[in-house]
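Protein chains: 4
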Amino acid sequence: MPGNTFGNIFKLTTFGESHGKAIGGIIDGCPSGIKIDKKKINYELNRRKPGQSEIVSPRQEKDKVEILSGIYNKKTTGTPIGFIVYNKDTKSKDYKNIKNIYRPSHADFTYYKKYKIRDYRGGGRSSARETVCRVIAGSIAKQILNNINIYAYVSSINDIKIKNTYDKIKVKNIEKNIIRCPDKNVAIEMINLIKKIQKKGDTIGGVITCVIKNTPIGLGEPIFNKLHAELGKAMLSINAVKGFEYGSGFKCTKMKGSEHNDVYIKDNKTKTNYSGGIQGGISNGMDIYFNVAFKPVSTIKKTQYSLNKKNEKVKFKIKGRHDPCVLPRAVPIVEAMTALVILDYFLLNKIYK
Amino acid sequence: MPGNTFGNIFKLTTFGESHGKAIGGIIDGCPSGIKIDKKKINYELNRRKPGQSEIVSPRQEKDKVEILSGIYNKKTTGTPIGFIVYNKDTKSKDYKNIKNIYRPSHADFTYYKKYKIRDYRGGGRSSARETVCRVIAGSIAKQILNNINIYAYVSSINDIKIKNTYDKIKVKNIEKNIIRCPDKNVAIEMINLIKKIQKKGDTIGGVITCVIKNTPIGLGEPIFNKLHAELGKAMLSINAVKGFEYGSGFKCTKMKGSEHNDVYIKDNKTKTNYSGGIQGGISNGMDIYFNVAFKPVSTIKKTQYSLNKKNEKVKFKIKGRHDPCVLPRAVPIVEAMTALVILDYFLLNKIYK
Amino acid sequence: MPGNTFGNIFKLTTFGESHGKAIGGIIDGCPSGIKIDKKKINYELNRRKPGQSEIVSPRQEKDKVEILSGIYNKKTTGTPIGFIVYNKDTKSKDYKNIKNIYRPSHADFTYYKKYKIRDYRGGGRSSARETVCRVIAGSIAKQILNNINIYAYVSSINDIKIKNTYDKIKVKNIEKNIIRCPDKNVAIEMINLIKKIQKKGDTIGGVITCVIKNTPIGLGEPIFNKLHAELGKAMLSINAVKGFEYGSGFKCTKMKGSEHNDVYIKDNKTKTNYSGGIQGGISNGMDIYFNVAFKPVSTIKKTQYSLNKKNEKVKFKIKGRHDPCVLPRAVPIVEAMTALVILDYFLLNKIYK
Amino acid sequence: MPGNTFGNIFKLTTFGESHGKAIGGIIDGCPSGIKIDKKKINYELNRRKPGQSEIVSPRQEKDKVEILSGIYNKKTTGTPIGFIVYNKDTKSKDYKNIKNIYRPSHADFTYYKKYKIRDYRGGGRSSARETVCRVIAGSIAKQILNNINIYAYVSSINDIKIKNTYDKIKVKNIEKNIIRCPDKNVAIEMINLIKKIQKKGDTIGGVITCVIKNTPIGLGEPIFNKLHAELGKAMLSINAVKGFEYGSGFKCTKMKGSEHNDVYIKDNKTKTNYSGGIQGGISNGMDIYFNVAFKPVSTIKKTQYSLNKKNEKVKFKIKGRHDPCVLPRAVPIVEAMTALVILDYFLLNKIYK
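Heads up: the sequence lines are chains A, B, C and D, in that order. Using the working numbering, you'd call the opening residue of the first sequence number 1 and step up by one each time. Using the working numbering, you'd call the opening residue of the second sequence number 1 and step up by one each time. Using the working numbering, you'd call the opening residue of the third sequence number 1 and step up by one each time. Using the working numbering, you'd call the opening residue of the fourth sequence number 1 and step up by one each time.
Looking at chain A on its own, in the form it has when it is part of the complex:
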């Protein structure tokens, strides 16, 4: 009921504030006997970390996960996996001047009103720093799901948009540029735009597309826990996300039934895949794909106005090292949350066998 656990069978619970001693988590329900490679976890953490390129926050978090339990001789034992990442580069003093200010479109106001207390240092629990734990758990999930292929990429930044549909892009190109867009030329345009915005102290949003290949038929628990409903919740739980659509998404509203229906052809494939691999909330074996909308980061470097705790109007400027665009670092987070959902529903589906 409280909100820091995700999943039903493969269950992640996390803790930690951006400027506290450490962040970490516990994975419960992990099947036993599975080999876990820590290098793969660190690879994912590096895809998420700040300081990785010129278009993200220059903060240097050399995040290294320490696994405390549940893995013995490199294999999962079936007992809970405890893990921890100590916070290092935490310049709390950057936040002193905004201690009593409700930053626009941040969670300062709502956390304070809900909990009547405020850990002003870097957003505390509401900081995207917590996504480190999602990435760690997601990497473990990915290693268990090794036959199911999950990848995400940046498909648009502001008005700059990739032309190819999800099934036409070159997956191996995703990691070849710092924006994580598989179309080289579009990527260059995106990077240039971000740099321009960054110089002005402003920020910008975009869309991440995620694809799941080789999902077994049968994942999803209707009627309330439909597979896409859980994927939607997982994505909407990520900081800065404002929208989710799967398959034909919002575009479906402009199509007729006779165009939109996916006709079954041989081998239980469908001719088109507007359904996005899910029908009636259950995977049908076709590719699953969905889009996630990310807003422009709320932390801008321009002078802003707001209220403080005393309800007084204030003028202020945020210091610190922030991202002009969250998208490139959000790609592994989208993949991680996807892996958590798919593994959870994969394990749940074993019950029916």
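You may find that some hints are simply not true.
Straight-line distance between alpha carbons at most 35 Å, and here's what the computed DSBU-like set of lysine-lysine pairs gives [said to hold, decoys possible]:
no.	chain 1	residue 1	chain 2	residue 2
1	D	Lys310	A	Lys88
2	C	Lys309	B	Lys74
3	A	Lys74	D	Lys49
If you want the ones that stay clear, here's a sample from chain B, every Cβ over 12 Å from chain D, calculated [as the list claims (entries may be wrong)]:
no.	residue
4	Ile98
5	Lys309
6	Ile318
Since the hints were derived computationally from the structure, they do not count as laboratory data. Yeah, the Cβ is synthetic: ideal placement off N, Cα and C, and Gly gets one too.
Since chain A is already given, all that's left is putting chains B, C and D on it; use the hints.
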């Protein structure tokens, strides 16, 4: 874990197939001492029912809820509320010819593969008939939340779109036409389009917008159970929904941070409301609003092709009485699911007081 | 969180008051394709029903279950099983004189204080009438678990106690007498004692022993959801239960480790079975057995004293048709709750395979 | 669903093996703004720790909790409380000789069969070392429940039994002796018996009684989550527990209804309290009390026989530093689990206000 329960504290569990004896549900966790008016439940059921106008299915389901427990002398007792609706107008024979066919973009294939059994009569559990139970529970939730105002309306059908934003529409106009669009002229256009499509045996989709006014500050349980994440899951669990966006939604991706940030002005209000009333996953007291995309109904009256259980190609035509457009009947369903989420999170939030 | 759901995967949610229109429930998470025999459900209901013999309440509840969904052509479909039992022989007027009185050792006082409302008719939700739903769901669970053998019996009434340990009794004798004690002579003594007590308008308690044979190795989810912890909770949730012990139980406190340790001998059996078939919270394949203590029924026919809602001292006598001893009718309830736990943990354990 | 989480609102999830790097946990759902005194946590850890007296294991675990999040300026913030205790005095080599042996009445066999993997070092996850985390969370719960008084004590060791009932003992005497029995003379007898048993390399069991004073009226969630059912589950989840009884417990089976009924007298008190403060699963404001049976520790220092993984008969002797009797160290664990249940149900009950 199995998927037929929604909610944490105010918890709805439902049962029933479209062509079985009855459908129904149990609400657990309902606070005691609250007056429930059955007429209000029936009002909502009438908004949902088929046969209500010329642009929906002509099927006549005179759904009347029977409450079996949990309400005594018209007041809730704190014990579970059991309710039942008997199925009446169920022409199972309409479905005989498609008994072994996987209808395109329906759940026939996935249910059969998951459960190895098929109740072919009218989609069985995957039929939207189950939403009757959502509407009943939602109406009870609405009666408990009487200070919080929830209303939805059709904001687009295919390319026809309402011009006003959510805060400019006239709420009292919503129920004045059969499409449930608050703009009279746009409503006429929408209705005409649906009639045209209907004549061709085809179907069409659109967008429903939902607004919540007077939400108390503090609802939402970060980091995984953010208020909008739960609303998104609730909406995505409704039949035919393909997308969800709240506040600025997908449009946020085209804005800069300096434009998108909602500046706090006096009395803890914000000047703009791109955040859609939710920051960091917690309600901030401003209006909550979101869009839900509905696909064109999969059941069309045209000749279609598909596979049957033996993997043979088949040509078929669906009989029966179906909706050319699900939107007008989906309005009360969107409101019901919204009420379930808001009440659940309202009760959860009491714990912090 | 609210209390009317039991189980994790095979999940029973129930509703209904003793004197309302109906009681019923929903089973979610039932595997598909399993044949369910309604006669077996009615057999269990008959073992529970009042009026079955001279030593139980003469009330005549001809309980017949109506299954509303989830079973098609006699087989489970994987969708939720809704069921209902209409209340018939409900003499509410029997309760008028105690409308405002807190009956001693009943739940009148606590329900009223918690929910601020009282459905005085027959105890409302706190009545053991709700166990009808447990027996129905338990019978379905038993049919799914057909290789696992669950049986319970009365092992003591007051001071009269069966001599044989659980592994020496004759299972087929249990149903041969109205008290459900497998030792014929002890049964006669018990019956005579109950009759004597009944004549005085008093009531009496006892112990039910339950045995589970052929449990697969590996059921149980440490560290908090140990198999015996869940069995304990299941038993303690039954009306009138005051204690639970498994394996050596309270007697273990009088033994030394060297006596109590169960030594593994060939074929993974243990020489003794003080562990009661569970070690570290996980079944080890040996017989599981446990005892459940039932208090003397609170409803006696003698003149009693108590307070009423106004805090005034009152003298009163309870009318109606009540049980002098709940044990014979509780045997199928103990079995039902056991079956629910075992099936739930059996399904959970599939995840590790 | 997996078993390493306890509680619904105030939710503890733990990780850690006895001989891994660390053990720890996350408390989610802790109300904000509550002052937490770390000294009180350490006080409870010291009551649990080995090496505290001559009648417990001489192992020296200087357990000190490190709190990593959720507490800021000594007050809870409403965000999850992460905590960790590093393992220090872990002599894994003590376990090498039993690496492949199923120790009698331990969890070696069942964990191995369930998870197909064995961390043989000191029992791994099944070791009572995990109770450190229960004690830490329990101490935090106690500090939140500061008006509700929870205390436990040793009421019997083998045949030596305290004479006074729970309401007659002197609470302040409990901590005055190393066995934690409030009757000085009985304590001496108990201690002498344990020493005698210890010399023989054997072990011994007993009963712990727990009392809760000043519980508000209304805690408990019928029908399945009755307060005593949850307390029972909590106790049965503790290592070595074989039985639970509350109020009159198993003795109720020897009483008549007319003796056992608790008559309400003025101020909503009852004359007797056989109900143990709970009626219909809901607290009635009277003292709650219950007994918990602990078996003799399975680790004895005598030569034993068993099977190894190859199903061969083996003769072996366990080395290491173990408890002859777990009772004195289990007292704070019983209190901790009680505090977790009471706080959880206290928070749940707020929903009804």
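Cross-check of the supplied hints:
1. A hinted pair counts as satisfied when its Cα atoms are at most 35 Å apart, and Lys310 of chain D with Lys88 of chain A does not qualify at roughly 49 Å.
2. Of the pairs offered as hints, the one joining Lys309 of chain C and Lys74 of chain B holds, with about 21 Å between alpha carbons and a cut-off of 35 Å not exceeded.
3. Restraint check: the Cα-Cα separation between Lys74 of chain A and Lys49 of chain D comes to about 31 Å, which is no more than 35 Å; the hinted pair holds.
4. Every beta carbon of chain D lies more than 12 Å from that of Ile98 of chain B, the smallest distance being close to 37 Å; the non-interface claim holds.
5. Lys309 of chain B, annotated as away from the interface, keeps every beta carbon of chain D farther than 12 Å; the closest lies near 33 Å.
6. Distance to chain D confirms Ile318 of chain B as a non-interface residue, since its nearest Cβ pair spans about 40 Å, more than 12 Å.
The structure does not agree with numbered hint 1 stated previously, though it agrees with all others.
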